[in-house]
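Engineer: These are the residues of each chain, in order.
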Amino acid sequence: MKKGLISTSFLCLLVLCLSVPTVCFANETAKAQTNQKLLGDESDGSRAASIHLIPLFFENEDGEKGGKISPDDDPLLPFSTRWTCGDCHSYGIISKGWHFNANDPNVVPGRSGQPWILTDARTGTQIPLSYRPWPGTFKPEQVGLTAREFTLHFGIHTPGGGAGEVETQDPDEIMRSYISGKLEINCLSCHNADPGQDQSSSTGYAVQIVRENFRWAAAASCEFATVKGSAKSMPETYDPFMPEPLEHPKRLPPTITYRKTAFEKDNNVSFNIVREVPDHRCYFCHSNLYMEKEDTEKWSSDEDIHLTAGLKCVDCHRNGVEHNIIRGYDEEAGITQNPLAATSSCEGCHLPEGEEEPKAGRLGAPIPTHIGIPTIHFEKLTCTACHSGPWPGEKTMLTKTSRAHRLGTIGVNKSHEALPHIIAPVFAKQGGIGAAYMGRLLVLEGGKIAPHKLIWPAFWGTLKDQNVSPIDFEVVEQTVGTVFANEKLPASGDWPALSAEHITKALNSLKGAVEGEPVYVSGGKLYNLDDSGKLHQEEDPAAQPYLWPIGHNVRPAAQSLGVRYCTDCHATDAPFFFGDVTVDSPIVAGREAKRMIEFQDINPFYAWAFAFSFVFRPMMKYICLGSCAVLGLVLLLYALKALTCVVKVLAGEN
Amino acid sequence: MYQTISIIAILITLVGIALHRIASPSRKKRQRKSAKKSIVGVLRILVYLLALLCFVVLAVTGFYPTLVLGEHISGYLLMIHATFAPILAVCLAVLAVMWASRCRLSYSDWPGFQRFVQRVTLVKSSVNKTPHNSSGLGQKLTFWLIIFLALPLILSIILSMFTLFGTYWQELLLGTHRYTALAFAMVVIVHTYLVIRT
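Going down the list, the protein sequences come from chains H and X. Once you know that position 26 of the first sequence is 64 in the working numbering, the rest is easy, because the numbers rise by one and skip nothing. Once you know that position 92 of the second sequence is 93 in the working numbering, the rest is easy, because the numbers rise by one and skip nothing.
Honestly, the hints are just simulated from the structure, not real lab data.
For the chain X half of the interface with chain H, some residues (derived, Cβ under 8 Å), not all of them: (1) His73; (2) Gly76; (3) Ala83; (4) Ala97; (5) Ala101; (6) Arg105; (7) Ile148; (8) Leu156; (9) Ile159; (10) Ser161; (11) Met162; (12) Phe166; (13) Thr168; (14) Glu172.
For every residue, glycine included, the Cβ atom is placed at its ideal position computed from N, Cα and C.
Use the sequences and the hints to build the structure in full.
Structural biologist: Put into C-alpha cells, the structure is as follows:
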C-alpha cells in the first residue's frame with residue numbers, strides 16, 4: 039500500500055516535471071508567433087518599390103480569413119484588407135496607428151486636433167465631436183451616435199478602421215452590421231498610387247459608406263473592382279454570404295465585379311502600392327479652403343512651401359509600421375515618446391542639434407537666421423504663428439475643410455456660407471494639450487500663441503448641476519426639428535435666421551422630452567428659460583469655442599509675419615492682436631465679434647500700449663545712438679589726452 | 002546662472018560698501034562753503050539726480066523679474082524700462098560732457114592710486130603717506146567706468162532692435178546687455194556711495 043503510494047507520487051512528480059517545460063515551451067512558441075515580424079513589417083533596406091502581385095482573400099461570415107478570391111467565385115465577395123494586406127503586414131499593429139486609434143481610451147490625445155462636426159442647419163446644430171478627450175469636444179455617444187452611426191456620418195473621410203471596426207452591442211444594429219460588415223482599414227486610401235483609386239466617384243469609397251456597404255468599401259475604391267447595390271436597402275434577413283433572390287426586384291444587393299484582366303497567373307492581382315503616400319491622397323481628407331476672397335480656385339493661391347520645394351507630406355509626417363504618424367507639434371516628442379517626433383517637427387528639421395552630425399537642416403531645410411527678431415518671440419509664439427495659415431486680416435474668414443464640408447465628394451455644397459462655420463485664422467494661446475502622466479490624462483495649459491481654426495458650438499442640451507450635456511440628436515430632430523420645420527433654410531447652406539422667439543419655442547418643446555433643464559448653446563452663450571418663461575442668456579464655459587491649431591500652409595520666410603516691420607503685429611490696429619473674430623450663431627442677435635486678443639490671455643490695454651510704443655521706437659533708437667556717439671567721443675577725447683601724457687612721460691618731457 | 006551671479010555680485014558690492022564704511026568712517030563733515038552755484042552747476046546736479054532716478058527705475062524693472070521672479074523682463078515692466086532707458090542714455094551723455102573735465106586723472110591722484118594698488122596687492126612700499134582724497138579718486142574711476150560701460154550697455158540692446166543680427170547674435174547681445182547692466186549697476190552703486198560719502 040505504502041509502496042504503491044510512493045510510486046504514484048513519483049509518477050505524478052515526473053508528469054509535473056515533464057509538463058512544466060512543455061507548457062513553457064508552448065507559451066514561448068505562441069509568443070514568438072505573435073511577435074514574429076511579417077514579410078512587409080521590416081524593410082530589407084532596398085528603397086526600390088515593392089511589387090505587390092498578390093492573391094486576394096475575403097473575410098468569411100465568422101470574421102475569419104476566407105478563401106482566395108477567383109473571378110469565377112459565386113457569390114463573388116469583396117477582398118478584405120485585413121486578410122489580403124494582413125498576409126504580409128501586421129494588421130493588428132497598424133490598427134493602433136494614429137488614423138485608426140481615436141476610440142482607444144489609452145492613446146495619449148496630444149495637441150487638440152480637428153474634430154468631427156455634426157451639423158444640421160434645421161435644428162441650429164454644429165457640435166464638435168471626437169473620441170479623443172480633447173477639451174471642448176463631445177464624445178459621439180453624448181449626442182447618441184453609436185460607432186456604426188458615427189462611421190456612417192463621418193467614415194467617408196477616414197481610411198477605415200477605428201469606429202468602423204467596433205463590434206456593436208446594440209441589438210438593433212447587430213443584423214445590419216452583419217449585412218454591411220466592418221469598415222476595415224482601407225490601406226489603398228493612402229498607399230494605392232494607381233490613378234484609378236476611387237475615393238469619391240459614384241461607385242467609390244465614399245458612396246459605399248453612405249450605402250452601408252462597409253465590407254465592400256475598400257475593394258470598391260480600387261481600380262479593378264466595381265460595387266453596385268446597397269446594404270442599406272437590404273432586409274435584416276439578408277445574408278451576403280448566401281444571397282437569395284429578394285422579394286423587391288428593385289432593391290439591388292451589394293455585389294462586386296472584378297475586372298477580369300486584373301487577375302494574372304494563379305489569380306494573383308497586381309497593386310500599385312507605394313510606401314510613401316502621394317500628397318493627393320492626404321489631400322482627400324486634409325484639404326483646406328480659406329474664403330479670403332471671391333476667387334477661391336486652386337490656381338489663385340499657393341501650396342505649402344514645403345510641397346513647392348519638392349517635399350512630400352510624409353517627409354515630415356512620418357511613421358513606421360505601427361503607423362503612429364508624426365503630427366509635428368513642438369510638444370509631441372515629450373508627450374508621445376515617438377522616436378521620430380523630435381526630428382520631424384519644424385525645429386527638428388530647421389534647428390538641428392548635436393555635434394555628431396553636420397549642422398545643416400534635414401532634407402535641405404534652411405536654418406533660419408530670424409534677423410532682428412528678439413528671442414522672446416520664440417518663447418511666446420509657435421513657428422506657425424508667423425509662418426502658417428492665411429495672413430491675418432481685419433476680420434477672420436470662413437474656412438472649409440475636407441472632413442467638415444465633405445470636399446472632394448459628389449454633390450458637395452460649394453457655397454462659401456455652407457455649414458459648419460469654421461473661422462480662421464484666430465491667433466490664440468494654445469492650450470489643452472493632453473499628455474499621459476502617472477496613468478492619468480494631464481491637460482497642459484498656457485502654451486504659445488498659434489494660429490487656430492475655431493468653431494462656435496451650437497447645440498441643444500440639458501443643464502444639470504451647472505454642467506451642460508448635449509441632448510441625443512435624434513430627440514433634437516424630433517422636437518426642435520418639428521418646431522423649425524416651416525423655417526426657410528437658405529439655399530447657400532447657411533444658418534436659418536433664428537430669433538429669441540424661435541429659441542423660446544424650441545426650449546418649450548424640449549421641456550417634456552428631456553430630463554433636466556433644456557438649454558441652447560450658441561455663439562458663446564447659453565440660452566435658457568427663466569421661471570417666468572422668458573429667454574435668458576449668459577456666457578457659459580460650455581459655450582466656449584473649440585479651437586485647433588493650423589499647421590499648413592506654411593509660408594516662406596519672405597511671407598512670414600513681421601517680415602516688413604515689427605508693426606506687422608505691434609501696431610494699434612494690427613489684426614494679430616486687434617483683428618475681429620466672428621462670433622457665429624444661428625441667432626441673428628447673437629452674431630457679433632470678439633477681438634483676437636481675448637483669445638491670447640493678454641491684457642488688451644497692455645497690448646495696445648505696447649503697440650503704441652512702437653510709434654516712438656525709431657526715435658528712441660536714434661536718441662540712444664546719439665547718446666552713445668557723445669559718450670564715445672568723450673571717451674576717445676580723454677583717452678587721447680591720456681595718451682598724450684603717456685607719450686610726454688616716455689619722451690622725458692614731463 | 003545669471004540670477005545666481007547677479008545676486009552674488011550685488012551682495013558682494015553691498016557687503017564691500019558696508020565693510021568700507023566700518024573700516025574707514027567718514028570724517029567730520031567739513032563746513033561747505035556757501036558759494037553761489039552757477040546755472041551749469043545746478044544743471045549738472047539736476048541731470049545727475051535725474052540720471053540716478055532713471056538708474057533706480059531701470060535697475061528695479063530690470064533686475065526684479067530676473068532676480069525675484071526668475072523670468073525675463075516683460076509686460077509693463079518692460080515698457081517702463083524702455084521708457085526710462087533713453088532718458089538715462091541722454092543724461093549719461095550730458096554728464097559725460099559736463100563731468101569729464103572734472104574727473105580727469107591728474108598727478109595728485111597718483112599717490113592715492115599707488116596706495117590702492119598696495120592695498121590690493123599687499124605689497125609694502127616706501128611711498129610717503131601723503132594725505133589725499135581717496136574718495137575723489139574712487140569717484141573719478143567709477144565715473145569713467147560708468148561712461149565706458151554705458152556704451153556696450155546701450156549699444157547691445159539698441160543694435161538688437163535693428164534688422165542686422167540673427168538669433169545667435171540676438172542672444173549674444175541680450176547676454177551682453179544683461180551682464181553689462183550688472184557691472185554697470187555695481188559701479189553706479191559704488192559711485193553713488195562715494196558721492197554721498199563726500
